[in-house]
Amino acid sequence: MSAAFAIMALTVPAMAQNVAPPGATACSGCHDPSTPGAVFPPLHGYPSGEIVAAMQDFRTGQRPATVMDRIAKGFTDEETQAIASWLSQQP
Amino acid sequence: MLQVLTRRMLLKTAAVGAAAAAFSRRTAAQASPKVVVVGGGFGGATCARELKQKGLAVTLVEANAVYTACPFSNAVLAGLRPIEAQQLKLDAVEKGGIDIIQKKATGVDPQSRRIALEDGSSLDYDRLVLSPGVDIRFNALRGYDEAAATVMPHAWKAGEQTTLLRRQLEAMDDGGTFVMAAPANPFRCPPGPYERASLVAHYLKTHKPRSKLLILDAKDSFSKQRLFQAAWQDLYPGMIEWVSLSSGGKVIEVDAKAKTLVTDFGRHKGDVVNVIPPQRAGEIAQVAGVADRTGWCPIDPVTFESRLQPNIHVIGDASIAGGMPKSAFSANAQGKVCAAAVASLLRGEAPAEPKLINTCYSLVAPDYGISVAGVYTPRNGLLADVEGAGGTSPVNAPPSFRAQEAIYAEAWFQTITREVYG
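Protein sequence lines correspond, in order, to chains A and B.
Under the numbering used here, think of the first position of the first sequence as 1, with each following residue one higher.
Under the numbering used here, think of the first position of the second sequence as 92, with each following residue one higher.
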């Protein structure tokens, strides 16, 4: 029974259900999804490629940051990709 | 290890099955499963809104009409910010279709899944989320009772206590001493006492420069310690004295009449005395039987469901969230994850393994911010730090970096309050 759940969770992509992938909902704690001109860039509807590139650069230190370097290091490429795709599809 | 995991998975499966059964039993009688959230702070209000977005019927029980936010309340204390900037209402939450009951929750019966309210009425739930914050453990520190708190405020629950301590600070003569007792871990907002010391020092340096600040601590180390101590040396040289546990800093008794804190090694009289006392999960968590002997609430790191009572979830400061500190950011992140898990469980699905983030800013001065961040995931039954991620701001950074973090601190407060209450 529990194995069945595990398989379901693995085979049904989170995005297909529009369920936020792990970590994605925490972003809006700082990044106001929709207010233009906010200090932190709004991420809802943001191009996913740009989010992925920014996160990679934060992780390697190529892009200067105050806190995003420390946060980006907590996510794998796959996780970052899933979060970026989800954010880009949010209204 | 394997056995533990198997048992956990079995329990989880059993919980899912029970939820599915409860769901189908209730769907016959009512349109949708009922979720009750107790506590309208950052965790509870976030969770209620997320649950509603997922199409669930949500009732939010909160006794107070106005919620006074703790983050940035140290700036109120230092005269940098009006208390009104901290006061938040649930009007927008209510407009979003959440049933708000402005009463105190007084009892929980996990068996019949019903909570009791102060007026004798009751509410049924399929799933209950408790986000009660902290309660002060009066008398845990000898002599520190509610009466003593009117003389030596804790100001650790924002509101009247904050403005009381502010008035005392304003009334203090130049050359006076501000004495603070800092508690042992765990407690709400680990960097909070040291941010407070910093901003009080900023006020004193500006208005009463001959004054001193003494911190008597029940710990040997604290959050963002290197950053705070370096900043104190730069900005407030000779003004702040920190006495660690091993140097005899632990306060064991307070004498409110004499405005004096007592340690094993001596008595410290202050002109203004701030006691940050031991704390525990808010009262309703104790009543519901979800708090353990430590006074805090053990939870499953995937669902935030209590390890002690089924169908009750605990989020925010009240929960034992492993590496996650007791902060508003944590409570907000947990509220969203908990809502997703509750929705999954009510659909009879297994909740996904979450990942959570915390970011905590502290102000050392109005234009000097520092931060600690972390990324967390369930490991061995707890929320553990993802290795290689997180940490504090760099020890060596130019003033522009500190100024930027001070701006981010304020921006974070604006964003989170808009998301939760706007």
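The reader is advised that the hints may include incorrect statements.
As the list claims (entries may be wrong) - Derived pair list, reagent style DSBU-like, types lysine-lysine, alpha-carbon separation capped at 35 angstroms: (1) K195(B) with K180(B); (2) K73(A) with K350(B); (3) K195(B) with K350(B); (4) K348(B) with K315(B); (5) K299(B) with K73(A); (6) K73(A) with K310(B); (7) K73(A) with K348(B); (8) K299(B) with K341(B); (9) K143(B) with K194(B); (10) K350(B) with K299(B); (11) K350(B) with K360(B); (12) K248(B) with K341(B); (13) K310(B) with K360(B); (14) K73(A) with K248(B); (15) K125(B) with K299(B).
As the list claims (entries may be wrong) - Just a few of them, taken from the derived set where beta-carbon distance is under 7 angstroms, the chain B residues facing chain A: (16) D236; (17) G482; (18) Q495; (19) A497; (20) T508.
Claimed, not checked - Anything over 10 angstroms on all C-beta distances counts as not near chain B; from chain A, calculated: (21) V39; (22) E50; (23) Q56; (24) D57; (25) Q62; (26) G74; (27) Q89.
Since the hints were made in silico from the structure, they are not lab data.
Small disclaimer: the values here were computed from a predicted structure and weren't measured.
Ideal Cβ placement from N, Cα and C applies to all residues, glycine included.
Taking the hints in turn, this is what the structure says about them:
| no. | hint | in the structure |
| --- | --- | --- |
| 1 | K195(B) with K180(B) | holds (16 angstroms) |
| 2 | K73(A) with K350(B) | violated (48 angstroms) |
| 3 | K195(B) with K350(B) | holds (34 angstroms) |
| 4 | K348(B) with K315(B) | holds (34 angstroms) |
| 5 | K299(B) with K73(A) | violated (44 angstroms) |
| 6 | K73(A) with K310(B) | holds (30 angstroms) |
| 7 | K73(A) with K348(B) | violated (52 angstroms) |
| 8 | K299(B) with K341(B) | holds (27 angstroms) |
| 9 | K143(B) with K194(B) | holds (20 angstroms) |
| 10 | K350(B) with K299(B) | holds (20 angstroms) |
| 11 | K350(B) with K360(B) | holds (6 angstroms) |
| 12 | K248(B) with K341(B) | holds (22 angstroms) |
| 13 | K310(B) with K360(B) | holds (20 angstroms) |
| 14 | K73(A) with K248(B) | holds (34 angstroms) |
| 15 | K125(B) with K299(B) | violated (55 angstroms) |
| 16 | D236 | violated (36 angstroms) |
| 17 | G482 | holds (5 angstroms) |
| 18 | Q495 | holds (6 angstroms) |
| 19 | A497 | violated (10 angstroms) |
| 20 | T508 | violated (10 angstroms) |
| 21 | V39 | violated (4 angstroms) |
| 22 | E50 | holds (20 angstroms) |
| 23 | Q56 | holds (14 angstroms) |
| 24 | D57 | holds (16 angstroms) |
| 25 | Q62 | holds (17 angstroms) |
| 26 | G74 | violated (3 angstroms) |
| 27 | Q89 | holds (15 angstroms) |
The structure fails to meet hints 2, 5, 7, 15, 16, 19, 20, 21, 26 from the earlier list, while all remaining hints are met.
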